[in-house]
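A.B. asks: Next come the chains, spelled out residue by residue.
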Amino acid sequence: MRRLDLTTRSREELCDVTHEVREMLQREGWKDGALVLFCPHTTAALTVNEGADPDVVRDVVTNLRGLIPKRGDYRHAEGNSDAHIKTSLVGPSLTLIVEGGKLCLGTWQKVFFCEFDGPRQRQLWIQWLPNA
Amino acid sequence: MRRLDLTTRSREELCDVTHEVREMLQREGWKDGALVLFCPHTTAALTVNEGADPDVVRDVVTNLRGLIPKRGDYRHAEGNSDAHIKTSLVGPSLTLIVEGGKLCLGTWQKVFFCEFDGPRQRQLWIQWLPNA
Amino acid sequence: MRRLDLTTRSREELCDVTHEVREMLQREGWKDGALVLFCPHTTAALTVNEGADPDVVRDVVTNLRGLIPKRGDYRHAEGNSDAHIKTSLVGPSLTLIVEGGKLCLGTWQKVFFCEFDGPRQRQLWIQWLPNA
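Protein chains in written order, with our numbering: chain W, 14 to 145; chain F, 14 to 145; chain H, 14 to 145.
A portion of the hints provided could be inaccurate.
Because identical chains share one entry, a pair is satisfied inside a single copy or across any pair of copies.
To be verified - Okay, derived cross-link-like pairs now, SDA-like style, lysine to any residue, Cα gap no bigger than 20 Å in a straight line:
id: 1; residue 1: 83; residue 2: 67
id: 2; residue 1: 83; residue 2: 115
id: 3; residue 1: 44; residue 2: 119
id: 4; residue 1: 115; residue 2: 53
id: 5; residue 1: 115; residue 2: 25
id: 6; residue 1: 115; residue 2: 136
id: 7; residue 1: 115; residue 2: 35
id: 8; residue 1: 44; residue 2: 145
id: 9; residue 1: 83; residue 2: 66
id: 10; residue 1: 44; residue 2: 32
id: 11; residue 1: 44; residue 2: 114
id: 12; residue 1: 115; residue 2: 37
id: 13; residue 1: 115; residue 2: 14
The set of hints was computed from the structure by calculation and includes no laboratory data.
Kindly produce the complete structure, drawing on both the sequences and the hints.
C.D. replies: Structure follows, in structure tokens:
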């Protein structure tokens, strides 16, 4: 398993980690299979979405906040229940296809680390699974 | 990696692709491991749900539309922010178990390509991961 | 593939299955790779979230019920459309990293089977994928 260190800068943001994932792939020389990306935190998640227009991630962040507001019917005393709920909705793991040493993403897709209770020091864990 | 071509017919629909996935499995002769299904689009996702009663997918589509309406606090100019948000909630990848050449699904489960901004020509990408 | 039997006790609950998954890992002697966890039901899902404070899972369950209420614009006659919708939002599969025979989870993370239409007898399916 490999670990990537990340620093998030706001309470809620989607950080594009595509470049870091591609760099690791090249460095390791992994060719055909899949990458398991795993977020080891309970108030952050992983997703794939459009990276070309920054308004897309702004709309995702803003509307998740509308659906699951910071204040609500929460008992968890740390005041970040909204972040825990978003984490289970977006999900902690992603499996991405690798072919011929290249990360297979659609034209507009980028991989995002979703911070829901930052800013913090975070990690992204990556495991390689070969297809033969 | 293999690619499946799909044609969706409405703005929002869940297309049952179980048959196509099973056909590919048989054609390729993959026996024991897992299939990574990946949606290379930013306004479509993948899920598994009940396929017996079509009212289930109707209820999923209708209620996702209620939670994340087409018009709202959106800045992305293409008018499909709702589809991008649903994509991150439902998720772009699925990992399905294969045993003895058979796709392992529960009695009522079907695999669905979730179109949120159609109708369009779409693809579904599939990678095989063997368990030995 | 391995199967774990589970008994849920409420209509909606998050059951911590981390111990059962770790026991299976140790019993099987799997060392480096990933575990695919798959929920073969259409009204239950899988997630990873905080297990230390039980109020976190209480807040997740309560707020998902608020977002997708039991009664609503549903046509599916079994009266559990809310559970089907939550299942697609939380997701049916998880891929967890294993390194040196250990399940890789963050400090506060536990693996949860999410029951949305219990109490019932349930299964959790597990497939091993080696990384070499």
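A.B. asks: Which of the numbered hints are not met once you compare them with the structure shown?
C.D. replies: 2 and 5
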